[in-house]
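Visitor: Chains A and B are the protein sequences, given in the same order. If you count by the numbering used here, then the first sequence holds residues 1 to 645, one letter each, in order. If you count by the numbering used here, then the second sequence holds residues 1 to 101, one letter each, in order.
No lab work stands behind these hints, which were simulated from the structure alone. Just so it is clear, CB atoms sit at the ideal spot from N, CA and C, and this is done for glycine as well. Check each hint, because a few of them may be wrong.
[To be verified] On the chain B side, residues computed to face chain A include the following (Cβ under 7 Å):
#	residue
1	Val-21
2	Met-91
3	Ala-93
4	Asn-97
5	Lys-100
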Amino acid sequence: MKELLIWIPALPFIGFLLNGIFGRRIPKKLVHWIACLTTGVSFLLAGIVFFRFIGQPATEFSFQYFTWIQSGAFRAEFGLLLDPLSMVMALVVCGVGFLIHIYSIGYMWHEGGYYRFFAYMNLFMASMLMLVLADNFLLMFVGWEGVGLCSYLLIGFYFEKKSASDAGKKAFIVNRIGDFGFVLGILLIFLNFNALGFPEVFAQVAELPVEAGYGLLTAIGLLLFVGATGKSAQIPLYVWLPDAMEGPTPVSALIHAATMVTAGVYMVTRTYPIYTRAPEALFWVALVGSVTALFAATIGIFQRDIKRVLAYSTVSQLGYMFTALGVMAFSAGIFHLMTHAFFKALLFLGSGSVILALHHEQDMQNMGGLRKYLPVTCWTMWFGTLAIAGVPLFSGFFSKDDILWQAFAAPVPHHLIFYILGTVAALITAFYMFRLMILTFHGRTRYPADKLDHVHESPRTMTTVLSVLALLSLVGGYVGLPAWLGPNVFKHFLDPVFKYLPSEQQAAAAHHHSINQELMVTGIAIAVALLGIIVAWVLYQRRHVTPENESSLGWLHRLIYNKYYVDEIYDATVIHPIQRTSESFLWKVFDVGIIDGIVNGYATLSRALGIFTAQLQNGLLRSYLGWVVVGSLFFVIFILFFWSA
Amino acid sequence: MAIPLHHLLILGGLLFCIGLVGVLLKRNLIVMFLCIELMLNAANLTFIAFARQLSQMDGQVIVFFVMVLAAAEAAVGLALVIALYRTRQTMDADDLNLMKL
């Protein structure tokens with residue numbers, strides 16, 4: 001397995017090198033063959049490793065390949081960790097990534113920079129797999145930064161468009177803020193435990209008691225969580241994700257919905273021994289997660305851009321995952337991560353199919369009634385919508401219900417707040433998703449009639465991928481059935497990962513709540529989902545409300561449509577002051593006055609010295625001789641009177 | 001009757017100073033040239049004086065070297081002066097200031 005495992009991240013990297021170096025000179029077909037083959041084989045390898053892994057009694061393998069950095073007493077190994085958690089993540093990343101690579105063939109075929117796109121995508125796959133498979137914090141950080149870089153490159157893929165390159169910069173800078181916290185957290189871990197490998201650090205953490213109040217572990221947990229809020233788009237660092245929709249749609253699906261943004265969720269889960277011993281940090285995780293879930297969902301209500309609705313929906317669903325982690329339902333969080341990867345990738349790819357068919361029209365005001373023209377896209381997206389809305393039997397129902405139930409029954413303080421926030425968010429989710437579907441595919445056609453002839457279903461590569469993802473959105477949830485319905489295979493598979501849970505929490509987790517309570521929570525979840533669906537159906541299907549006449553709601557619509565003016569507030573409180581200080585002080589005073597002043601001062605000084613000494617060069621032979629005599633005299637006097645050998 | 005050492009040294013020093021002042025103050029290239037010869041011979045005189053005082057031959061040997069050097073220098077120097085005179089029609093050192101900045 002050791003030899004196979006390294007190829008999982010290595011193959012996409014080789015694909016990146018091939019396409020990056022030779023992509024411009026080889027035919028377009030070869031470009032996507034290289035890209036899809038490397039990720040496909042990598043997915044196959046992940047599958048083989050998975051079946052060998054479940055055949056083994058051991059549940060954790062740490063493979064060391066070589067010493068990566070050695071400096072004095074500090075040593076960093078290049079090692080990969082194979083346990084159920086990294087296995088699930090690797091399978092999800094490879095699987096969804098492979099499907100999206102295939103989809104991209106159809107979507108990107110007519111775009112410029114075809115090889116560039118696939119090279120970046122492969123680099124992203126390699127970095128993401130590095131992130132989830134790394135067995136120490138440092139190597140994980142390499143993957144973490146790698147995916148950040150690819151995200152930047154791909155958001156700004158249409159770099160000749162100013163809004164796209166701005167969005168890329170915004171994503172990169174906001175992520176830097178989060179990474180700053182992440183790096184500080186890693187440094188704090190290294191200072192206190194003198195190790196960076198996950199097994200070593202967690203074995204030491206497991207010796208520590210659960211912290212009361214704020215202590216070392218809480219500090220580490222909060223700093224790491226700052227990193228997670230950056231990468232996984234949580235309040236207050238979520239602002240980059242909606243703008244990231246400037247990138248090509250497959251990128252939005254792969255990076256900004258299915259995989260990269262879940263890196264924060266994965267990281268918090270991976271470092272659970274720290275969080276479970278720092279209840280204060282865990283409280284913040286749950287609070288930020290559940291508030292984000294609700295906050296982002298409300299913004300999604302009135303967005304007109306189809307991709308922006310999905311972007312806010314992603315932020316909101318990530319909030320769900322953090323809520324789960326915050327109430328120590330780690331496997332529920334990862335379960336939702338997996339089902340979300342399926343249905344959100346599907347929804348994004350479906351929206352991409354719509355956008356492609358309508359020649360890059362993204363405003364839902366100009367859609368409607370597209371069901372006739374895009375049948376496959378329509379029904380596959382309905383699968384995704386039913387899944388995310390939490391309609392029973394679809395995957396999202398099981399994972400979301402699991403999170404809500406865990407939040408309801410969690411052995412942590414204030415857990416009912418998180419439960420209520422999550423439930424309200426579920427209501428809104430169902431509402432805005434049905435609004436999106438009805439505005440896009442049903443009702444009257446608002447797309448200009450003269451252009452309707454050109455609207456046709458996407459190529460086979462794209463619709464096949466949509467169908468596969470639709471199937472996964474339907475059945476993906478059956479691995480994690482609730483207690484009243486059957487065994488939770490998923491949780492059982494992941495359980496060995498969580499061997500370092502503090503003893504008191506193990507006891508609390510073993511405590512059984514009644515099936516009736518769980519059924520009640522499930523009933524409420526179904527009821528709110530139906531309520532959201534009915535409201536959306538009445539408004540948009542029966543009354544034919546369009547985004548245009550939503551604005552009759554007045555200030556409420558303006559507030560939400562403008563995303564609570566958060567971008568404007570950040571502009572006024574952070575960006576504007578920094579720009580002002582940079583311009584009026586750093587530039588005009590510090591740079592021009594002090595830095596340039598020093599440089600110009602040296603120039604002026606040497607010039608003055610030059611003018612002075614140039615006068616010695618007067619062309620008179622006698623004066624030169626005179627200086628020779630003076631010099632000789634000086635040396636004679638020096639040797640006679642001051643020289644003491 | 002032996003001439004004391006310091007007499008010779010004072011004479012050598014005086015000759016050297018006369019030569020030096022001559023080089024610095026005179027404008028005529030030929031005269032400057034002669035003054036340099038004077039300085040060289042002042043040095044020779046000092047060498048001889050010490051050689052005699054210390055009863056060693058080294059100083060005398062060096063004098064021969066200096067005389068050879070002076071002869072070579074005279075050949076090159078006079079050639080330069082003649083070449084200069086042919087091109088510039090002047091013997092005045094102060095007129096040769098093309099190197100002035």
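Visitor: For each hint, tell me whether it holds in the structure or not.
Guide: Results for each hint:
With a cut of 7 Å, the hint placing Val-21/B at the interface with chain A is violated, because the nearest CB-to-CB distance is about 10 Å. A hinted interface residue such as Met-91/B counts as satisfied when its beta carbon comes closer than 7 Å to some beta carbon of chain A; here the least separation is about 12 Å, so the hint is violated. Residue-level restraint check for Ala-93/B holds (minimum Cβ-Cβ distance to chain A is 5 Å; threshold 7 Å). The closest approach between the C-beta of Asn-97/B and any C-beta of chain A is roughly 3 Å, which is under the 7 Å cut-off, so the hint is satisfied.
At about 3 Å, the closest approach between the beta carbon of Lys-100/B and any beta carbon in chain A falls short of 7 Å, and the interface hint on this residue holds.
Consistency with the previously given hints fails for numbers 1, 2, ordered from lowest to highest.
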